[in-house]
Every structure is written in structure tokens, then in C-alpha cells.
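Participant: Let chain D serve as the given structure and place chain H on it in line with the hints.
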Amino acid sequence: AQKITQTQPGMFVQEKEAVTLDCTYDTSDPSYGLFWYKQPSSGEMIFLIYQGSYDQQNATEGRYSLNFQKARKSANLVISASQLGDSAMYFCAMREGRGGNKLVFGAGTILRVKS
Amino acid sequence: GAGVSQSPSNKVTEKGKDVELRCDPISGHTALYWYRQSLGQGLEFLIYFQGNSAPDKSGLPSDRFSAERTGGSVSTLTIQRTQQEDSAVYLCASSLDTGSYNEQFFGPGTRLTVL
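Residue numbers (the working numbering), protein chains in the order written: chain D, 1 to 115; chain H, 1 to 115.
Rather than coming from a laboratory, the hints here were simulated on the basis of the structure. There could be a bad hint or two in this list.
Some chain D residues near chain H, calculated using beta-carbon distances under 10 Å [claimed, not checked]:
(1) V13
(2) P30
(3) G33
(4) F35
(5) Y37
(6) E44
(7) F47
(8) Y50
(9) A93
(10) N101
(11) K102
(12) L103
(13) F105
The list that follows gives simulated cross-link-like pairs (lysine to any residue, SDA-like), each with its CA atoms no further than 20 Å apart [to be verified]:
(14) D/K70 <-> D/T20
(15) D/K3 <-> D/G62
(16) D/K3 <-> H/S73
(17) H/K57 <-> H/H29
(18) H/K17 <-> H/V89
(19) D/K3 <-> H/H29
(20) D/K3 <-> H/R22
(21) H/K57 <-> H/A31
(22) D/K3 <-> H/S38
(23) D/K3 <-> H/Q83
(24) H/K11 <-> H/D56
(25) D/K114 <-> D/L84
(26) D/K3 <-> H/N102
(27) H/K11 <-> D/K70
(28) D/K3 <-> H/K11
(29) H/K17 <-> H/S7
(30) D/K16 <-> D/N76
(31) H/K11 <-> D/G43
(32) H/K11 <-> D/S42
(33) D/K3 <-> H/K57
(34) D/K3 <-> H/G51
(35) D/K70 <-> D/T27
(36) D/K73 <-> D/A107
(37) D/K3 <-> H/Q41
(38) D/K16 <-> D/G62
(39) H/K57 <-> H/D97
(40) H/K11 <-> H/H29
Here the structure is a predicted model, which is why all the values come from computation and not from measurement. Each residue gets a CB set at the ideal place from its N, CA and C atoms; glycine is no exception.
Next comes chain D alone, as it looks inside the complex (with noise of 0.2 Å):
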């Protein structure tokens, strides 16, 4: 089964404007961390933001906020002010508390910022 969806595998986003880029996860484990990663063409991984399970506010950092929906199983990264550097390969990942420290990663969304 897959762990992690991301359904839309590009998206475009006026600069300056706000986007959303799904993810929806699926574990039985009850403690689980969640990443989104950053990969511009350049090929790097770049970290962005962490949401733990049992972490009880949504994750910021800058311009990154994560809409975390437990419940629902989703943690969705919400970008704001979009720049033209932000155009990249955007990766959701989880690891599972009890299945290792290994990443599991999303296939990933393609986001092009237009100026």
C-alpha cells in the first residue's frame, strides 16, 4: 500500500500568491514524523519543515507552514508569498516510529512559480 500520496504531480502558482501542496499518508504506527523536502534542479535535498504526530500545534518555518490534519491523515505544505526561487520538486516523507528511521517519500509535486 502506498505510505505516501502527493495527487498532483505539478502545479503553478502566480509569484507572490500563496499554494498548497497535498500529502496523505497512511501508518498504524501512532508516533510518526512527517518532512517535506525541496528539490530544485540542482538535484539537492533540501529540508523544509517537520511535523511530528503528537506534536500538538502545526509546524512553521518562514514562509512554510504545515497543515497537519490528523485525523484526517494529512499533512499538507502550504508555501506563502511564492518567489521564482521556490520553482522545484517538492517531496512529503514520513518515518514510522517503530518501523525504523528510514524515509518514506511521496512521488513528488513539480512547482513552477510564474512571475
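Facilitator: Only chain H this time, still in chain D's reference frame:
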């Protein structure tokens, strides 16, 4: 400070040859991971090291793949008798420990092409 480094950055080899890919993690990081990213795909976990031991090798696709880590630092991923389907970007990541928040820092990757 120095991040995760990988060498070579690119490797072209002929089908049937053996290749070695090297990862130098961030100093002090005890956990090390290998992932593989095929063209246009998400990341696929290969193997995880804690110190010099590998408690999770579940992602290695066949017995042609092996990895070792010495001195709790540098790791080498070896692919024997390479096949064309082995062509991918091989990414290494390291993290401080295996705690609940376990941000993995990724290297730039090795692009392997098997002709």
C-alpha cells in the same frame, strides 16, 4: 561547515562492471542512509547504518548491492555486475541520531549511468 559529500558526482559504466559509490557524512552524525532516485521518481530507501552496523538493509534491491561503513564515518555502496536498471541518482544522507526528530541532511548525489 561541511555538509554530506559524495563521490564521484557522475559515474558512467558498462553493463556488467562493478562500481563503488562513496559517502562522507557530516562529522559526528551517527546515522547514515542510502537512497536511490530513478528518473522522475521519488526516493527509494536502500540501507541504513547506525554507527558501523546496518540494522535495516531491507531496501537493497538484490544481492548485487552491498554497503559498508567503517569507523562510524565514511560509507561505500557497491554495485556488482551493474545492469541498465541500476541507472539512477544515489543519494546519501546523515543525521545526528535516531531520535524522534531526525532531520536527514542529504548529499549532492552520484548520478550513475549504466550503458
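Participant: Now tell me, hint by hint, if it's right for this structure.
Facilitator: Hint by hint, here is what the structure shows:
no. : hint             : verdict
1   : V13              : violated (21 Å)
2   : P30              : violated (12 Å)
3   : G33              : holds (7 Å)
4   : F35              : holds (8 Å)
5   : Y37              : holds (8 Å)
6   : E44              : holds (6 Å)
7   : F47              : holds (5 Å)
8   : Y50              : holds (6 Å)
9   : A93              : holds (8 Å)
10  : N101             : holds (5 Å)
11  : K102             : holds (4 Å)
12  : L103             : holds (6 Å)
13  : F105             : holds (4 Å)
14  : D/K70 <-> D/T20  : holds (17 Å)
15  : D/K3 <-> D/G62   : violated (28 Å)
16  : D/K3 <-> H/S73   : violated (31 Å)
17  : H/K57 <-> H/H29  : holds (19 Å)
18  : H/K17 <-> H/V89  : holds (17 Å)
19  : D/K3 <-> H/H29   : violated (27 Å)
20  : D/K3 <-> H/R22   : violated (29 Å)
21  : H/K57 <-> H/A31  : holds (13 Å)
22  : D/K3 <-> H/S38   : holds (18 Å)
23  : D/K3 <-> H/Q83   : violated (28 Å)
24  : H/K11 <-> H/D56  : violated (26 Å)
25  : D/K114 <-> D/L84 : holds (7 Å)
26  : D/K3 <-> H/N102  : holds (19 Å)
27  : H/K11 <-> D/K70  : violated (43 Å)
28  : D/K3 <-> H/K11   : violated (31 Å)
29  : H/K17 <-> H/S7   : holds (18 Å)
30  : D/K16 <-> D/N76  : holds (19 Å)
31  : H/K11 <-> D/G43  : holds (16 Å)
32  : H/K11 <-> D/S42  : holds (17 Å)
33  : D/K3 <-> H/K57   : holds (19 Å)
34  : D/K3 <-> H/G51   : violated (27 Å)
35  : D/K70 <-> D/T27  : holds (11 Å)
36  : D/K73 <-> D/A107 : holds (17 Å)
37  : D/K3 <-> H/Q41   : holds (15 Å)
38  : D/K16 <-> D/G62  : holds (14 Å)
39  : H/K57 <-> H/D97  : holds (18 Å)
40  : H/K11 <-> H/H29  : violated (26 Å)
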